[in-house]
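Here is what each chain is made of, one letter per residue.
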Amino acid sequence: MRLLLDAFSMAAIVAGAFFYLAGTVGLLRFPDAYTRLHALTKADNLGLVLLVIGLLPQVDSVLMGLKLLLVWLLVMLSSAAVAQLIARSVRRGEGPR
Amino acid sequence: MTTLVSVVVVLLLLWLALWTVVARDAFLAVAGFVVYGLLLSLVWVRLAGIDVALTEAAIGGGLTGALLLGAVGRLRGTEAGTDAESAAAGTRAVAALLAVGVTAALAWGVLMLPDPAPTLAPQVVPVLPATGVANPITGVLLAFRALDTLLEAIVLVIALIGVWSFAPDRAWGCRPGARYQADPDGILAYLARLLPPIGIVIGLYLFWAGADHPGGKFQAATILAAMWMLVQMAGLADTPRIDHRGLRAGIVIGPLAFVAVGVLGLRSAGAFLAYPEGWAKPLIVVIEVALLPTLTLVLALLMNGPPSRGGVR
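Those sequence lines, one after another, are chains R and C. Going by the numbering used here, the letters in the first sequence line up with residues 38 to 134, in that order. Going by the numbering used here, the letters in the second sequence line up with residues 744 to 1056, in that order.
A couple of the hints might just be wrong.
On the chain C side, residues computed to face chain R include the following (Cβ under 10 Å) [claimed, not checked]:
| id | residue |
| --- | --- |
| 1 | 929 |
| 2 | 930 |
| 3 | 937 |
| 4 | 938 |
| 5 | 941 |
Anything over 12 Å on all C-beta distances counts as not near chain R; from chain C, calculated [unchecked claim]:
| id | residue |
| --- | --- |
| 6 | 751 |
| 7 | 763 |
| 8 | 785 |
| 9 | 838 |
| 10 | 891 |
| 11 | 901 |
| 12 | 1000 |
| 13 | 1012 |
| 14 | 1025 |
| 15 | 1032 |
What the hints contain is simulated information worked out from the structure, not anything from laboratory work. Predicted model, so just to flag it, every value in this text is computed and none were measured. Glycine is no exception: its CB is placed at the ideal position from the N, C-alpha and C atoms.
Using the sequences and the accompanying hints, generate a full structural model.
See below:
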């Protein structure tokens, strides 16, 4: 059982790291601010949820698991909101088209 | 494997530091500085200094970064002029020599440290339970080095007075900073309504956990100040008038309570800032509770800047 959980954690964390990598490649390669934001927020959110799912079987207490979930929710909230704000300020900088 | 990660992080840090120094654009330099602070807090985590890591992320990366960003905003107009200037060769040579000299002196100092480094930790650990605080960092900061912590709090208040002293006469006593306008139905206003309740709970949790676990008043105050800034930036609340009596009382209460406890120690335990037998924990809690509003207000008001909006009082 322990082995199975460890294998599950490993797989989820590696998958999460892969999505972070994909998001970073997108940030470096995509042509403009909107597509870069798209790559970062989408891929990083997916990467983070995979990391959290991967870490959940490894926690010692329920409280620790709840803290991990809270971190996940807060990062989701802030990255979604900040992506909106950045996109808005980029659009304002470009002016009406 | 872990050594490899450490080496990569150190190289990244050095590269970021260099990049931050040579960046011509002030905004990019600040962005580099913030990332540098976050990476540095990772290094502290690896060195098992969780308290330092939290402080570095909150104050070093977050708050200082935000302060510097504010400065960049104010300097926008002058940047083109400074970029056009270039120093004479002599000045550059002296600056380079000075920088290399400081680096060399620091490197020499670090390399010359005796191994193992001199430490008072073995003497401190057995007496730590007497303070009633399980987190050694809090214990040392508020029992063995309480004077340092007191001076730190006073320095912050003096820094705020320094910032306020830049106020023009007509604005004295008025509100600092700009009145932010934001779409009341926008995402920022939404975030500013949703996040503060959570942030206040997390801030107070960090504050309370500081007695036994990593955390404490500085990290908590940064989070609380950030929540206040968020509400201000979303246009939901204005910055406070700096002649508000309650505000000023909140600013000085921390150092005043600290000094009062110190004088009490002079009378009851024979030395300034000494705690009478068995009273260490309650007095430390009193100091911490009094310092929290001071730190929160000072950090937020430092971000607000000098009072600038003059007119009718």
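List of violated hint numbers, smallest to largest
Hint check: nothing fails, all pass.
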